[in-house]
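Trainee: Sequence:
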Amino acid sequence: SQLGFTAQSTMRVAQDLYEGVPIDGMGSVGLITYMRTDSTVLAGEAIKMARHYIGSQFGEPYLPAKANFFSSSNKSAQEAHEAIRPTDVNLTPDRIRSSLNDRQYKLYKIIWERFVACQMTDAQWDATTVLISGTTKGKEMTFRATGRVLVFDGHYKVVGVPSNSDEAVLPHVTEEQQLAMLQIDPTQHFTAPPPRYTEASLVRKLEAEGIGRPSTYAQIIQVIQTRRYVEKIQNRFHATDLAKVVTDKLIEAFPEIFEVSYTRDMEQQLDDVEEKQADWVQMLQNFYGPFKQSLDAAYEGMGHAKAETQPAPYKCPECGSDTVYRFGRNGRFLSCSKYPDCKYAAPIDNDGKPVEPAQTDVACPKCGATTLMRKGRFGAFLSCTKYPECDGIVNLDKKGCVSPPKVPPLITDLPCPNCGAPVNLRRGARGPWLGCSKFPKCRGRLGWASRDSKIKEKWGKALEEHEKAHPQPIIRKMDGNPVGDAYTPQIQNVSQP
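Counting with the numbering used here, you get residues 237 to 733 for the letters of the sequence shown.
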């Protein structure tokens, strides 16, 4: 959280530091020890290296009489490896700064500083608390003022003084001293709900609950985003409707498995098997018997989320009937209760209110009518206002800009090397290329450059004829002018029922 890196990015940078980075005059150097660990144990030689560096660089006051040792608060911490640390404390961040990119430098700096700081003398503070008593309207009242001042920086010499440590420094006062009241500023505090998880706070929660391992935290966070269980808003996770439905269904069918303690206990059992303290066959039998019963019951009794509806407080604008909330592949939406006789449907906001698609200034590439901004399973796109009579669409890229339509691929008689299906011939930025027609189920490819010259000549001409027969349509705005590069559709009006 200190660097603002994602978990996956952090692991990727740490992997680079572990595998080795080219250092000027030294070749490739592995700068840190194995990083997929949450151990707090340091090897004896590492402690000796750190203490020697501290004594020589900072002096005796910063070197404790004995080495510092730490224990993990995480009972499931894996300590087969030692704690993450620099392999050579003399390779200071500033010394090798020119050999590292920005992310490598920032991560290595934290690892190096915390390794050195953990073997230094603690910082020392003078803390003061003053109780001020007085009487007003016959009532005794007591106010308290606290403050502290840093008298010895200790390990802060390396990591710096935390920004929240600059508390007010109180003046010298004596007991029973009379004070003159200048001003009282009343402040009111409200109880706030816990903040939503960030990647960093979610990892800390997983650690605290004993779920997952350092090697799996990044994967866990990636999966919940890839499967659209959460979406990031201002770097905080918000559960999607899909996540809520899936969670409710699974907890209903498998209440024991979805207890946090179950996952923690299962990982402990796996550790016991690995350490030869438990029989793996017996462990699997204890798990699979109850699980199979719950699974069979779920197959028989679990209703399909798409078949379930909830009443909504709105009338259908097309037929006047009541509306209901339904669940689709993109989450909850508003639908007419008379479906399929009436096909009215509309997306909803976080409060369940219907949101009608906004009209844009981009024309339909098929019929020239206006287009509406919609959201599908692959993101935002524009659809014709005359749908379903006209099925024209305009794709948008991840930045919301108009993505020019692509020429359909040319199907060849060349077999895919993976599955045997015909491969498609396309023209890319680097020239023609051949890819399986079953993509994305099959990702087989054929090298175009390595094809026989006669085959390339034959299919090269066929591709040219194919492109002439399928000219790329020009996407235009409603005023008739073509959209420019990286054009973002402009909203013309937004109507809500």
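Mixed in with the good hints, there may be bad ones.
Unchecked claim - Here are the in silico distance ranges between beta carbons for each label pair: (1) Lys635 with Asp715: 20 to 26 Å; (2) Arg384 with Asn631: 56 to 62 Å; (3) Thr423 with Tyr465: 23 to 29 Å; (4) Gly291 with Arg681: 57 to 63 Å; (5) Pro549 with Glu625: 30 to 36 Å; (6) Gln244 with Asp587: 31 to 37 Å; (7) Phe617 with Ala541: 21 to 27 Å; (8) Gln419 with Arg384: 35 to 41 Å; (9) Asp507 with Gln458: 40 to 46 Å.
Said to hold, decoys possible - With a Cα cut of at most 25 Å, we get these calculated SDA-like pairs of lysine to any residue: (10) Lys485 with Ala543; (11) Lys694 with Pro644; (12) Lys342 with Tyr254; (13) Lys485 with Glu544; (14) Lys634 with Arg472.
In case anyone wonders, no lab produced these hints; they're calculated from the structure.
Being a predicted model, the structure only gives us computed values, none of them experimental.
Built from N, CA and C at the ideal position, the CB exists for glycine as well.
Trainee: For every hint, state whether the structure bears it out.
Mentor: Right, here's what the structure says about each hint:
1. Lys635 with Asp715: 20 to 26 Å: About 23 Å separates the Cβ atoms of lysine 635 and aspartate 715, which means 20 to 26 Å holds.
2. Arg384 with Asn631: 56 to 62 Å: With a Cβ separation near 59 Å, arginine 384 and asparagine 631 satisfy 56 to 62 Å, so the hint holds.
3. Thr423 with Tyr465: 23 to 29 Å: Once the Cβ atoms are compared, 39 Å apart, the range 23 to 29 Å for tyrosine 465 and threonine 423 is violated.
4. Gly291 with Arg681: 57 to 63 Å: The hinted range 57 to 63 Å holds for glycine 291 and arginine 681, with Cβ atoms some 59 Å apart.
5. Pro549 with Glu625: 30 to 36 Å: holds (31 Å)
6. Gln244 with Asp587: 31 to 37 Å: holds (32 Å)
7. Phe617 with Ala541: 21 to 27 Å: holds (24 Å)
8. Gln419 with Arg384: 35 to 41 Å: Roughly 23 Å apart at Cβ, these two residues miss the hinted range, so it is violated.
9. Asp507 with Gln458: 40 to 46 Å: violated (24 Å)
10. Lys485 with Ala543: With a Cα-Cα distance of about 13 Å, the restraint between lysine 485 and alanine 543 holds, given a limit of 25 Å.
11. Lys694 with Pro644: Holds, at about 19 Å.
12. Lys342 with Tyr254: Given that 25 Å is the threshold and the Cα spacing comes to 15 Å, the pair holds.
13. Lys485 with Glu544: Judged against 25 Å, a Cα distance of about 12 Å means the pair holds.
14. Lys634 with Arg472: holds (20 Å)
Checked against the numbered hints given earlier, the structure breaks hints 3, 8, 9 and satisfies all the rest.
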